[in-house]
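A.B. asks: Spelled out from the first residue to the last, the chains are:
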Amino acid sequence: MIFDELVLHNVGVFGGRHSFTLTPPTPSKPVTLIGALNGGGKTTFLDAIQLALFGPLARTTSRGNGSYQQYLRRLIHSGVPPEDGASIELAFHIVEQGQDRHYRVCRSWAGTSTGAKERLDILVDDRPDTTLSRQWAERVDAFVPRGVAELFFFDGEKIETLAELDNAREMLRTAIGALLGLDLVDRLAADLTVVERNHKADHATPAMQKLLDAERKKLATYRQDREGAKDRVAEAQGAHDRAEKVLHDLEVKIQLEGGELLDRSRELEAAKLHLTASKKDLDTRLTDLAAGTLPLQLVRDQLETLADHADVELERIHLHDIADLLKSRDRTTIQQLRQHNVPDTVVQALQRSLTEDRRTRRGSPQRARITDLDRDGVAALRQLLESGLDQEIHAAQSLIEQRHKVENEVEDVLRGLANVPSEEALDDLHKRRNDAHRAVAAAAQALTHAEAEVAAASAAEDEMERKLSRLLDKAADEMTAADDSRRLIEHSQRVRATLKKFRHEATRRNVDRIQRLILESLQRLARKNRLITDISIDPETFSVELHGQDGTVLLPQQLSAGERQLLAVSMLWGLAQASGRPLPVVIDTPLGRLDGIHRSHLIERYFPQASHQVILLSTDQEIDEAAWNKLRKHVGHTYQLEHDTNSGVTTAKTGYLW
Amino acid sequence: MPLENIRVSRQARDQLITLKRRTGITQWNTLCRWAFCRSLAEPTPPPAAKHPADSNVEMTWRTFAGQHGDLYWSLLRQRCHADGLALDEETLAQQFRVHLHRGIGYLVGDRNMRTITDLIDYAVDPTAA
Chain Z
1 MIFDELVLHN VGVFGGRHSF TLTPPTPSKP VTLIGALNGG GKTTFLDAIQ LALFGPLART
61 TSRGNGSYQQ YLRRLIHSGV PPEDGASIEL AFHIVEQGQD RHYRVCRSWA GTSTGAKERL
121 DILVDDRPDT TLSRQWAERV DAFVPRGVAE LFFFDGEKIE TLAELDNARE MLRTAIGALL
181 GLDLVDRLAA DLTVVERNHK ADHATPAMQK LLDAERKKLA TYRQDREGAK DRVAEAQGAH
241 DRAEKVLHDL EVKIQLEGGE LLDRSRELEA AKLHLTASKK DLDTRLTDLA AGTLPLQLVR
301 DQLETLADHA DVELERIHLH DIADLLKSRD RTTIQQLRQH NVPDTVVQAL QRSLTEDRRT
361 RRGSPQRARI TDLDRDGVAA LRQLLESGLD QEIHAAQSLI EQRHKVENEV EDVLRGLANV
421 PSEEALDDLH KRRNDAHRAV AAAAQALTHA EAEVAAASAA EDEMERKLSR LLDKAADEMT
481 AADDSRRLIE HSQRVRATLK KFRHEATRRN VDRIQRLILE SLQRLARKNR LITDISIDPE
541 TFSVELHGQD GTVLLPQQLS AGERQLLAVS MLWGLAQASG RPLPVVIDTP LGRLDGIHRS
601 HLIERYFPQA SHQVILLSTD QEIDEAAWNK LRKHVGHTYQ LEHDTNSGVT TAKTGYLW
Chain E
1 MPLENIRVSR QARDQLITLK RRTGITQWNT LCRWAFCRSL AEPTPPPAAK HPADSNVEMT
61 WRTFAGQHGD LYWSLLRQRC HADGLALDEE TLAQQFRVHL HRGIGYLVGD RNMRTITDLI
121 DYAVDPTAA
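Chain order of the listed sequences is Z and E.
Position 593 (the first sequence) corresponds to 593 in UniProt numbering; numbering is contiguous.
Position 62 (the second sequence) corresponds to 62 in UniProt numbering; numbering is contiguous.
Hints are not guaranteed to be accurate.
[Claimed, not checked] Over 10 angstroms on every C-beta distance to chain E, these chain Z residues come out as not near it, computed from the model:
{"no.": "1", "residue": "H93"}
{"no.": "2", "residue": "L132"}
{"no.": "3", "residue": "W136"}
{"no.": "4", "residue": "N408"}
[As the list claims (entries may be wrong)] Derived DSS-like pairs (lysine-lysine); straight-line CA-CA distance at most 27 angstroms:
{"no.": "5", "chain 1": "E", "residue 1": "K20", "chain 2": "Z", "residue 2": "K272"}
{"no.": "6", "chain 1": "Z", "residue 1": "K500", "chain 2": "Z", "residue 2": "K474"}
{"no.": "7", "chain 1": "Z", "residue 1": "K279", "chain 2": "Z", "residue 2": "K405"}
{"no.": "8", "chain 1": "Z", "residue 1": "K29", "chain 2": "Z", "residue 2": "K474"}
{"no.": "9", "chain 1": "Z", "residue 1": "K230", "chain 2": "Z", "residue 2": "K467"}
{"no.": "10", "chain 1": "E", "residue 1": "K50", "chain 2": "Z", "residue 2": "K405"}
{"no.": "11", "chain 1": "Z", "residue 1": "K405", "chain 2": "Z", "residue 2": "K272"}
{"no.": "12", "chain 1": "E", "residue 1": "K50", "chain 2": "Z", "residue 2": "K280"}
{"no.": "13", "chain 1": "Z", "residue 1": "K467", "chain 2": "Z", "residue 2": "K158"}
{"no.": "14", "chain 1": "Z", "residue 1": "K279", "chain 2": "E", "residue 2": "K20"}
{"no.": "15", "chain 1": "Z", "residue 1": "K210", "chain 2": "Z", "residue 2": "K630"}
{"no.": "16", "chain 1": "Z", "residue 1": "K29", "chain 2": "Z", "residue 2": "K218"}
It is worth saying that the hints were derived from the structure and are not from the lab.
Quick caveat: nothing in here was measured; it's all calculated off a predicted structure.
All C-beta atoms, glycine included, are put in the ideal place defined by N, C-alpha and C.
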């Protein structure tokens, strides 16, 4: 990989846009030298490269403990408003399948009220690749594994701490892990552990067992409930039967004691009232009848006689009347005969004959009248005798008959009423019967309720049984699954053991090579190159042991600060070589506290060969004029960062301090 | 009519009140008609007792006889004639009183006559009387 260009726009001290061309012009000039005074932006430059590549995961020196957004916001140049934002572009190319492929990572952000909003664009061969942009965080390791980035991008002053054996061990562990792809192995092992744990959770049949037990217990409870409910039904049935028996007994008793008659008493009373009324009505009609001609019936014989006598009397009167009439006419006739001089003898004879005739006509001599009835009276009497009286008698008979009937009915009613027991005697019975009715109703309700309970309990039990059987099926399945899990866990454990072995073996083999490379590097760089004769790394713990000339173990404290820095550089170099990754090397403050001899060793032996591209961020004190002259033939590009303390703006120019 | 007013004795009045109670008949004249006919039905001549008109029960002949006044009158005359009495007004009036009071006595004296039906039964069913 070769970094082609880094563009900083409003990043940190870099106000405005600054572009650094980094591509080495020839393989013999791999070094790009960037000079600046302290505070000039060297560290910003190094951080920018890491930030461009790794974003939130970059291990930059200036980030501190704040959030990534706040860090980005802080990183925006102080001379511009945060909303304007900042951007970093890192262009590099790598050889893929025999061809150069150019990448450009553009990371830009703008300040917001709370932090910053970041945007990442990846251009491949000048074309935006949205998929890669989205997946960059995962894919960046393919270009620059984060684990080894520290081996290639580092601050010379800070690496001294690597010589501290504890730090060294950690770094070695990370680096070797990353180098060998052992982090993959570790992750695989970790994932396997997770898998095992998951399957162990699955395997945990006791939970199922517990569930089954709980369901079984519930089922038992339901069964018990049902049995209880059945008992209650039987109980309620008994109570109901008893209540009905009581009621029945009471009914019988009430019937015996004329209870039903009592029920009828109202009817009877009503009938009595009605009958009394009709009797009264009949009496009235009889009374009316009595006021008529009925009493005459008592003297009917006398009435008959009276009628006959009256007829005779009237006939006699009639005859008398006729005789009187004839007498007067006879007299007139005789007078007229005398006037017409009819002989006296004739007249006298006629007179005698007429008188005789009248005497016979008159009949019996006139007697005193007894009946004293006129014709109308007789007619009325006859009418009375022929039909009037009989009609009245008939009517009276009918009424009397009715009255008898009514009286009989009244008697029946009265008898019935007499049979009706007294209200008080039955009140108690009726009350008890009402109570019994209520008791029966309550018992029936209780029975219904209990039956409903039984039904509910049965349903619940059935449901629970079905559920249990389903659970048992499921449990059987789970047992099978648990077998699978067990097998899986076994295999997983075996794989993990294998992985561990593999890791150990791989580490051991590589550790040998790394030891050798570090030692070589150290011996190339160190002035007292016999001081450390051997380096051994424990493949298990990654603890580093330094061995002196006579095989004694050296402690880092016995080394000077410069020596420790050299050791650290050696370790980085060795590891970088061991990684086999063709990555550029970026070193900030590369010479730090080294003395002149060590400096020249680094300048002459390390920088030109550290990698195919080496970017040095140096102060004027480190790469001074003498060093510059030595390094010059390896340098492809030079830049100078000038910081204006008044404006706080750093500007980059080509060329070096000298 | 020979009889303008009919006033019964106090005893008869009391008896009529009893009859009123027994038969439920509220009219004096109705009871008196029955009493009169009851007496006429009896073949024996009534005893010539004195019946003082000392009660407040009083009615006119017309009230007594109603529409059949001439009939009742004829019956009385016939009875008097049958009993061999003169048909003068005084005798007839006296005989009426006697028959009336005897009839009231008969009706009251009949212990079986307790209701209106018993009374009517005299007319309807003479065997029961």
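A.B. asks: Hint by hint, note whether the structure agrees.
C.D. replies: Against the structure, the hints come out as follows:
1. H93: H93/Z clear of chain E: closest Cβ-Cβ about 147 angstroms, beyond 10 angstroms.
2. L132: Per Cβ check, L132/Z is outside 10 angstroms of chain E; nearest 132 angstroms; holds.
3. W136: holds, 131 angstroms
4. N408: Holds: least Cβ distance 13 angstroms, greater than 10 angstroms.
5. K20/E - K272/Z: At roughly 24 angstroms apart (the allowed maximum being 27 angstroms), K272/Z and K20/E satisfy the hint.
6. K500/Z - K474/Z: With a Cα-Cα distance of about 37 angstroms, the restraint between K500/Z and K474/Z is violated, given a limit of 27 angstroms.
7. K279/Z - K405/Z: holds, 10 angstroms
8. K29/Z - K474/Z: violated, 72 angstroms
9. K230/Z - K467/Z: Given that 27 angstroms is the threshold and the Cα spacing comes to 23 angstroms, the pair holds.
10. K50/E - K405/Z: Violated. K50/E to K405/Z sits at ~44 angstroms, over the 27 angstroms cutoff.
11. K405/Z - K272/Z: holds, 13 angstroms
12. K50/E - K280/Z: violated, 38 angstroms
13. K467/Z - K158/Z: Answer violated: K467/Z to K158/Z is near 68 angstroms, above 27 angstroms.
14. K279/Z - K20/E: The hint holds at about 17 angstroms.
15. K210/Z - K630/Z: Given pair K210/Z, K630/Z is violated - Cα atoms ~80 angstroms apart, limit 27 angstroms.
16. K29/Z - K218/Z: With a Cα-Cα distance of about 84 angstroms, the restraint between K29/Z and K218/Z is violated, given a limit of 27 angstroms.
Going through the hint list in order, the structure does not satisfy hints 6, 8, 10, 12, 13, 15, 16.
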